[in-house]
Amino acid sequence: MSDYAGDLSPLDTWSLLKSTPAAVMVDVRTDAEWNFVGQPDLSSLNKAPIRLSWQIFPTMVLNGEFVDAVRAAVPDPATPIAFLCRSGVRSLAAARALTAVGYTACYNIADGFEGPPDGERHRGRVAGWKASNLPWAQG
Numbered sequence: 005m006s007d008y009a010g011d012l013s014p015l016d017t018w019s020l021l022k023s024t025p026a027a028v029m030v031d032v033r034t035d036a037e038w039n040f041v042g043q044p045d046l047s048s049l050n051k052a053p054i055r056l057s058w059q060i061f062p063t064m065v066l067n068g069e070f071v072d073a074v075r076a077a078v079p080d081p082a083t084p085i086a087f088l089c090r091s092g093v094r095s096l097a098a099a100r101a102l103t104a105v106g107y108t109a110c111y112n113i114a115d116g117f118e119g120p121p122d123g124e125r126h127r128g129r130v131a132g133w134k135a136s137n138l139p140w141a142q143g
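Using the working numbering, read the sequence shown as starting at 5 and increasing by one per residue.
Calculated directly from the structure, the hints in this document are not laboratory data.
Model, not experiment: these values are computed from the prediction.
Note that the Cβ used here is the ideal one computed from N, Cα and C, for glycine as well.
Hints are not guaranteed to be accurate.
Claimed, not checked - Here are the in silico distance ranges between beta carbons for each label pair:
| no. | residue 1 | residue 2 | range |
| --- | --- | --- | --- |
| 1 | L49 | Q142 | 28 to 34 Å |
| 2 | G143 | A104 | 17 to 23 Å |
| 3 | P121 | P79 | 35 to 41 Å |
| 4 | N137 | V105 | 31 to 37 Å |
| 5 | G10 | V71 | 18 to 24 Å |
What the hints assert, rightly or not - Taking lysine to any residue pairs in the SDA-like style, the calculated list, with each CA pair at most 25 Å apart, reads:
| no. | residue 1 | residue 2 |
| --- | --- | --- |
| 6 | K22 | D45 |
| 7 | K22 | M64 |
| 8 | K51 | S91 |
| 9 | K22 | P62 |
| 10 | K22 | T63 |
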């Protein structure tokens, strides 16, 4: 068995969330990121991201309650879960952690919400949710 179900592009994530009523997104970023950088807007799908931080701002220590919080929010381990962070690193760790406790459809959203920096060191322009022109909202 793989250590998680695999990576999805932001567009493939949108398709999964749209075509699979049970599918959910877990945004693993911090309060600061949700408030100041923005977050996916899934309202046209009659959904909302589940916001659970993988690390606690500002120390960025791992959230020891993360797995239990996902279990409480998504009790069925067969539910497809797409994990999102800024660039795909924390969300990959989250997908692996939930797969390790028996969840069978944990996906990492490749390039995350903002993707890598461009030549001017700005994120959100090259790859990721924002650069894919998917719905998002500030604050």
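With respect to the beta-carbon atoms only, verify the hint that N137 and V105 lie 31 to 37 Å apart. Distance hint for N137, V105 holds at roughly 34 Å.
Confirm or reject the claim that P121 and P79 have a C-beta distance inside 35 to 41 Å. holds (38 Å)
For the pair supplied as a hint, K22 and M64, is the alpha-carbon distance within the 25 Å limit? Violated: K22 and M64 sit about 32 Å apart, past 25 Å.
Given the hinted pair K22 and T63, is their alpha-carbon gap at most 25 Å? violated (35 Å)
Decide if the proposed pair is consistent with the structure: K22 and P62, CA atoms, cutoff 25 Å inclusive. violated (34 Å)
Straight-line Cα separation of K22 and D45 no greater than 25 Å? The given pair, whose Cα atoms are some 13 Å apart, holds under the 25 Å limit.
Does the Cβ distance between G143 and A104 fall inside 17 to 23 Å? Violated, since G143 and A104 (Cβ atoms, about 34 Å apart) do not stay within the stated range.
Take a look at whether the Cβ-Cβ distance between L49 and Q142 falls inside 28 to 34 Å. violated (19 Å)
Proposed proximity, S91 with K51 (alpha carbon, max 25 Å): Distance ~22 Å between K51 and S91 Cα, so the pair holds.
Within 18 to 24 Å or not, the Cβ separation of G10 and V71? holds (20 Å)
Of the numbered hints given earlier, the model fails hints 1, 2, 7, 9, 10; all others are met.
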